[in-house]
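The residues making up each chain are set out below.
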Amino acid sequence: MAQFTLPDRAKTKEMRYQMGFALADLADEFPRIVALDADLRSSTGLHIFEHFHPGKLIKSGIAEQNLVSMAAGLSQEGYVPFPCTFDAFSRRMLDQLYVTVAYSNLNVKFIGAYVGLFTGKAGATHQSDKELSVLLRVPRLTVLEPSCNAEMRQIMRAVVETPGPVYLRIVRCEVADDLIGSDYRFEIGKGVTVTDEGSDVGLVTTGFMLHTALAAADKLKSLGIGVRVDHHPSLKPFDRELLYDLTGKVEAVVTLENHCTSGGLHSLVAEALVAKGVGKRVGAIGTDPEDFIHTGHVNDLLWRYRMSSDDVVTMAQGLLDRVAR
Amino acid sequence: MTRLPPLPASIEVASGAFDPLDVARLWIPWRADTRTRIDSLPFHTDHAELLHNTETLAYLIRSYTTWQMTCAGLGHPGGSFSEAEFLAILFNYVLRFDAAAPDWPMRDVFYLSKGHACPAVYTVLAVFGYFEVERLKFYGMWGSGLESHPDATETPGIEVSGGSLGQIPGVAVGRSLGMRFNGPDHGDRMIYVLMGDGECNEGSVWEAFMAAGHYKLDNIVFVIDYNKVFAKGFLAQDMSLEPLADKLRAFNLEVYETRNGHDVAELIELFNVLGAQRRGKPAAVILNTVKGKKVDQAQYNPNWHTSAPRDAAAAGLWIDELWEHDGKRLGIPPEFPEALKAITEIVPPLHAASDTITDRQQ
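Protein chains in written order, with this note's numbering: chain A, 99 to 423; chain B, 8 to 369.
Calculated from the structure, these hints are not laboratory results. It is possible that part of the hints are untrue.
[What the hints assert, rightly or not] Keeping only pairs whose Cα atoms sit at most 27 Å apart, straight-line, the calculated DSS-like set for lysine-lysine is: (1) B:LYS223 / A:LYS157; (2) A:LYS374 / A:LYS347; (3) A:LYS157 / B:LYS288.
Given only the sequences and the hints, what does the whole structure look like? Please build it.
Shown next as structure tokens:
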């Protein structure tokens with residue numbers, strides 16, 4: 099067996115590694131959990147799961163279609179399979195996810211690792227920023243994107259305890275242990291207001307970008323602009339009620355996502371507001387739907403796509419018709 | 008667990024007339040208990056009865072499937088007819104299942120990977136009691152529970168939804184691994200995957216073969232319905248599989264090849280051999296068949312891959328031909344094809360058109 103170094107659980111902040119530990123913990127409690135790997139286990143964090151549960155990590159080889167099909171078959175014998183590979187490679191097995199898993203309503207929990215920009219110098223083939231446009235249109239599929247490790251652990255547990263197909267988006271990079279607070283209880287289909295300090299602009303965020311939203315909120319507050327930050331870990335089902343509550347109070351909205359600005363969170367918000375005739379201005383922070391992500395340091399990518407907290411501040415100011423730049 | 012909706016309508020048969028949907032008058036399953044498999048070897052006294060019984064079942068599969076597809080204005084006769092004898096022997100003799108309890112956890116698993124050939128599978132499920140034979144008339148109708156391509160959440164007896172090709176062989180791999188993890192009490196359970204030959208063009212099929220061979224999943228039988236014909240052409244011309252047996256062996260499968268996949272005696276012999284051949288490898292059966300078998304017009308003809316007979320008169324010719332071919336010598340009364348023709352009609356849509364739309368489908 100290949101040998102891998104295990105990260106120090108107490109020290110590592112990388113979500114991928116904490117996911118591996120969390121899944122291993124859950125498998126102690128739920129013995130029907132298995133995981134499936136398409137030859138990326140020490141990158142996705144599944145090598146940690148395998149360390150604690152040797153024999154429960156099944157290898158498909160580099161075969162993403164078969165990865166999902168095999169998971170489907172395991173679920174039919176009562177197992178709770180977690181197939182996991184890079185989120186970008188979900189493009190290689192979307193039909194298996196649509197027809198075999200979702201149409202049959204099978205209990206498969208797919209983990210898309212290496213989501214979006216925070217993925218090292220990987221480039222267009224390995225950095226995923228378009229996938230939600232299809233994943234959010236797969237009937238029956240629940241799509242979740244945690245912001246921090248504490249929330250990721252709650253989500254993993256909810257995913258095991260809730261039957262049905264799930265897609266979970268996990269970043270590779272270091273994240274905060276807890277951005278939301280110890281009182282927070284994750285629920286599928288629910289968003290959460292993380293800070294509420296005034297009603298000028300609302301920041302609507304998902305996944306890693308909660309980190310950016312909170313940094314932007316601090317800067318906006320120091321400029322005298324009131325900000326509320328709503329985080330939506332549950333993209334499907336999506337919490338429209340929380341959104342309508344926000345838009346009933348703020349002047350403008352900025353959406354933040356570790357994904358392109360079409361087909362993901364921004365589109366969910368736009369559809370919801372149009373459906374109710376809410377005429378609020380909505381800015382979009384995210385990557386460019388017409389671009390392939392080029393290779394570069396994450397700082398340079400954030401600069402290219404205008405996704406830093408400073409860019410959020412600029413956009414919010416512009417929307418509020420205040421002085422830009 | 009699936010729950011079918013009520014039948015959309017009843018089927019009227021004049022009082023005193025021959026009821027073609029009263030299957031028990033024509034045929035009853037060879038096994039009293041489909042949870043058990045009983046070997047029948049050529050010197051057993053019941054062997055001739057198994058042959059006759061299974062041939063009769065294959066005849067009924069083709070006849071009811073013709074009726075079903077014509078009423079629906081939908082279906083795939085070519086692949087449904089090439090698989091008829093295989094389905095008949097599988098359900099009549101090989102597969103351990105319980106139509107009254109489709110989720111019985113110790114069942115063998117039958118996967119239909121070539122989902123388009125579901126009309127014949129719906130027929131075999133109906134005659135074994137998963138649902139009413141009457142329901143076949145409403146195949147493809149809104150709310151009938153019988154989708155154009157199978158929906159496992161709706162139709163009992165369907166293990167996984169399908170229709171997009173090449174996905175289910177991999178599901179069988181995962182299923183077999185799950186059975187292995189379940190422990191030795193599940194060691195005797197088998198998985199039969201019915202695949203199309205054209206389906207084997209899909210790369211994902213070979214991903215599944217590679218994994219099945221790697222994990223030595225010797226309770227899987229991949230059955231390739233080798234009818235040589237695509238939806239729009241011929242394999243030999245458009246995209247050949249040959250040398251198929253060599254390819255399968257190279258993927259660590261144990262290969263069995265039928266001389267004639269429509270010869271029930273040969274299929275009984277094949278499954279008697281397969282039942283005693285757990286060699287630490289998955290099995291692959293190359294089922295040599297004829298697409299559209301037993302209707303001259305449809306045989307070896309890609310034009311009948313997707314087309315149902317266009318009306319009751321056209322279906323009547325097929326029903327007559329099937330009776331002349333098989334029904335007559337198997338002792339099926341001539342009243343049966345006549346009565347089946349009498350209840351063949353294209354099922355209309357539920358709603359009148361608010362706009363004029365020209366579509367041959369009803």
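- [ ] Run the structure past the numbered hints and jot down the numbers of the failing ones, going up.
- [x] Violated hints: none; all satisfied.
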